[in-house]
Amino acid sequence: MASNIVNLIRKDFCALWSEKTMGLTFVGLLVMCAIFASSLTFSSLMFVFLIASSYTLNVFSLEEKFRTERFFASLPVRRRDIVLARYGEIWAIAGAYFVVAYLANAVSILVGKTEVRPIPLGYCATVLVILAFTTSFTFPFYFKLGPAKAKAVTTPLLASVLAISVSILAMRPSGGSHQVMKVVSAVRNSPFPRDLPHTLLLMGAAILLWGVSIPVAVALYSRRDF
Amino acid sequence: MGNVSISISQSSSKPIYRQIEDKVRSLIVAGELGDGEELPSIRTLAQDLRVSVLTVKRAYDDLEAEGFLTPVQGKGCYVSVRNKELFREQRMRNVEEKLDHAASEAKLIGMTLEELQTMLAIVFEEEKHGTRVKG
Amino acid sequence: MEHALKVNGLSKHYPGFMLSAVSFSLERGAVMGFIGRNGAGKTTTIKLIMGLIRKDAGSVEVLGREMGGDDSDNKEKIGFVYDEHGFYGNMTIRTIGRLVAPFYRNWNQEEFARLVMEFGLNPSRKAGELSRGQRTKLALALALAHGAELLVLDEPTSGLDPVFRSDLVDILYCVIQDERKSIFFSTHNTTDLERIADYITFIEDGKIVFSECKDALLERYRIVKGPRERLSACGREMCVGIRETRTGFEALSASAEDLSALVGEDVIVEKANLEDIMVYCVKGAADGK
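Residue numbers (the numbering used here), protein chains in the order written: chain A, 1377 to 1602; chain B, 56 to 190; chain D, 5 to 293.
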């Protein structure tokens, strides 16, 4: 039921907000990152990845800390709804991110900052792919193994992606082979597609990732024993 | 409903349902629970005595079978003594017991039968006219 | 009228433990105590009833309706209290109530507020600041505020003092004043159940040993004590479980008169309570009866 999904999303956001430091830090990070979006740099996208990972880690680790899974699974709520709510939260966060990003973007342009360009669709597509990638490779583990055990898999995964991103950012022309350098520079200078076909391709990739991971997560959670 | 005083003992060897039955029966026989009076509901009594509902239900079922009470659908259980003869006999036995007690007391202080009979006549009359205050 | 809870042939296999063919039923308006040792299968059974784990075989019917895999509808009518309470520590009681409310169609906010007050809880306090007993009371308030007709409690009093336990039983007595409500209450603290339970189900090692009327149980069994030498093989047959010491024997028996006649002099016959029945049944099984 749709209303139950909304109730669950509200529950998770409320839970995060009730942990004052976690909540404030996250919201602060989200807002800053959205404002930073106007720069359209690789590092701004890296922050999107950080936000997605941190939300994922926070929401599931809160559940583990207070052992609330069993309680909410005993309410008149379908397992499927619990899974959909988690994905819905990520989409809600993406929505908030875009709203703030475009607002900040518009303000900067209006104020007269000439170096600021309107955020292209390709950028948004890239953000979505990053979110889809992060959630699709972590959520199924959380739903199958539970927060405690899943951390063992997801933390190294996220950490390695972070490490790769940082190295892409930090790589200097002198280090590494010429081929690698070409790829790294390409990624760094143009981290998102500028033309429509590639944009649509990325959107499709995001939809595909979610289209596969959501049913998988639902199936895994429906079979989970508490 | 009035004040119905029932207490049961957890440590007694008599089963609790039996204790409840005996108590209620003696209350009826002693006249403290009048004909037509409502008994505490099964669940209320279970709560007050801190026993299970089934236990009280069993006691009430037995009393119903004996002819002391009648359940009224949707309202509760009422004292309704169906077997008037048996009931009268039991109450007469109750009176006899009390007379026995009075007689032994009288003998102790040296009253004669005539003195006792006179006293009984006066008390009976006063009781009939409602002038006697129960001491 | 349909049963409040009907469990038939429930089985669940774990490495090292197996719940096999668990069956019992609880009629409407009654209280059933579910007793057993730690690890006997009480929590597993309750998890199967609530759909928290998947069954290998068997069926669960709550209020006449079969509990399917993801049966959210049936859960509207069930109130649950577990031994471990999953509340977000920094949320206030008021917030928790507001978050749980929309999940239930029949949520009664006034009833919840009234219960919270009656249980002596301050709605502004955070869940993490509550004592264990207060958290149990909160769980109970949540369980009772949505018109639940079946209350399922899994060891609600474990680790709590006798005063709290008595409070809880008082609350349960209030609940059963409504004859549509039924209670299923698992505990290894049998004194709680001795009074309020109408029926007792005893589980040991994943199997139901008995499920019957509490009064009948307490009437049938007696503790028989006497000198060891007088306990013949025939006498042993009459005992469910025997404890022998240097000073004599103590046994639980369903045929106490016969046994005491057999033992003859120096025999003491006493009422058995639920704890005795549980302990001697387990002992008897261990001794290979």
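Any given hint could be a false lead.
Cβ-to-Cβ under 10 angstroms is the rule here; a few derived chain B residues that face chain D [said to hold, decoys possible]:
#: 1; residue: Ser60
#: 2; residue: Ser62
#: 3; residue: Ile97
Simulated restraints on C-beta separations [what the hints assert, rightly or not]:
#: 4; chain 1: B; residue 1: Leu175; chain 2: D; residue 2: Ser259; range: 20 to 30 angstroms
#: 5; chain 1: B; residue 1: His156; chain 2: D; residue 2: Gly292; range: 22 to 32 angstroms
#: 6; chain 1: B; residue 1: Thr99; chain 2: A; residue 2: Arg1443; range: 47 to 57 angstroms
Once the Cα atoms are required to be at most 27 angstroms apart in a straight line, the calculated BS3-like pairs of lysine-lysine come out as [stated by the list, open to error]:
#: 7; chain 1: D; residue 1: Lys81; chain 2: D; residue 2: Lys46
#: 8; chain 1: A; residue 1: Lys1525; chain 2: D; residue 2: Lys287
#: 9; chain 1: A; residue 1: Lys1525; chain 2: A; residue 2: Lys1441
#: 10; chain 1: D; residue 1: Lys211; chain 2: D; residue 2: Lys130
#: 11; chain 1: A; residue 1: Lys1441; chain 2: D; residue 2: Lys287
#: 12; chain 1: D; residue 1: Lys275; chain 2: B; residue 2: Lys69
#: 13; chain 1: B; residue 1: Lys130; chain 2: B; residue 2: Lys69
#: 14; chain 1: A; residue 1: Lys1520; chain 2: A; residue 2: Lys1441
#: 15; chain 1: D; residue 1: Lys46; chain 2: D; residue 2: Lys229
#: 16; chain 1: D; residue 1: Lys287; chain 2: B; residue 2: Lys112
#: 17; chain 1: A; residue 1: Lys1441; chain 2: A; residue 2: Lys1489
#: 18; chain 1: D; residue 1: Lys130; chain 2: A; residue 2: Lys1441
#: 19; chain 1: B; residue 1: Lys130; chain 2: B; residue 2: Lys153
#: 20; chain 1: D; residue 1: Lys287; chain 2: D; residue 2: Lys130
#: 21; chain 1: B; residue 1: Lys153; chain 2: B; residue 2: Lys78
#: 22; chain 1: D; residue 1: Lys229; chain 2: D; residue 2: Lys10
#: 23; chain 1: B; residue 1: Lys112; chain 2: D; residue 2: Lys211
#: 24; chain 1: D; residue 1: Lys81; chain 2: B; residue 2: Lys78
#: 25; chain 1: D; residue 1: Lys275; chain 2: A; residue 2: Lys1396
#: 26; chain 1: D; residue 1: Lys130; chain 2: B; residue 2: Lys69
#: 27; chain 1: D; residue 1: Lys275; chain 2: A; residue 2: Lys1520
Quick caveat, the hints were computed from the structure, so don't treat them as lab data. We put the beta carbon where it would ideally sit given N, CA and C, even for glycine.
Structure-based check of all given hints:
no.	hint	verdict
1	Ser60	violated (19 angstroms)
2	Ser62	violated (14 angstroms)
3	Ile97	holds (9 angstroms)
4	B:Leu175 with D:Ser259: 20 to 30 angstroms	violated (53 angstroms)
5	B:His156 with D:Gly292: 22 to 32 angstroms	violated (60 angstroms)
6	B:Thr99 with A:Arg1443: 47 to 57 angstroms	violated (39 angstroms)
7	D:Lys81 with D:Lys46	holds (21 angstroms)
8	A:Lys1525 with D:Lys287	violated (39 angstroms)
9	A:Lys1525 with A:Lys1441	holds (13 angstroms)
10	D:Lys211 with D:Lys130	violated (40 angstroms)
11	A:Lys1441 with D:Lys287	violated (39 angstroms)
12	D:Lys275 with B:Lys69	holds (10 angstroms)
13	B:Lys130 with B:Lys69	violated (30 angstroms)
14	A:Lys1520 with A:Lys1441	holds (17 angstroms)
15	D:Lys46 with D:Lys229	violated (31 angstroms)
16	D:Lys287 with B:Lys112	violated (34 angstroms)
17	A:Lys1441 with A:Lys1489	violated (46 angstroms)
18	D:Lys130 with A:Lys1441	holds (15 angstroms)
19	B:Lys130 with B:Lys153	violated (36 angstroms)
20	D:Lys287 with D:Lys130	violated (45 angstroms)
21	B:Lys153 with B:Lys78	holds (18 angstroms)
22	D:Lys229 with D:Lys10	violated (38 angstroms)
23	B:Lys112 with D:Lys211	violated (30 angstroms)
24	D:Lys81 with B:Lys78	violated (39 angstroms)
25	D:Lys275 with A:Lys1396	violated (57 angstroms)
26	D:Lys130 with B:Lys69	violated (49 angstroms)
27	D:Lys275 with A:Lys1520	violated (51 angstroms)
When held up to the earlier numbered hints, the structure conflicts with 1, 2, 4, 5, 6, 8, 10, 11, 13, 15, 16, 17, 19, 20, 22, 23, 24, 25, 26 and 27 and fits the remainder.
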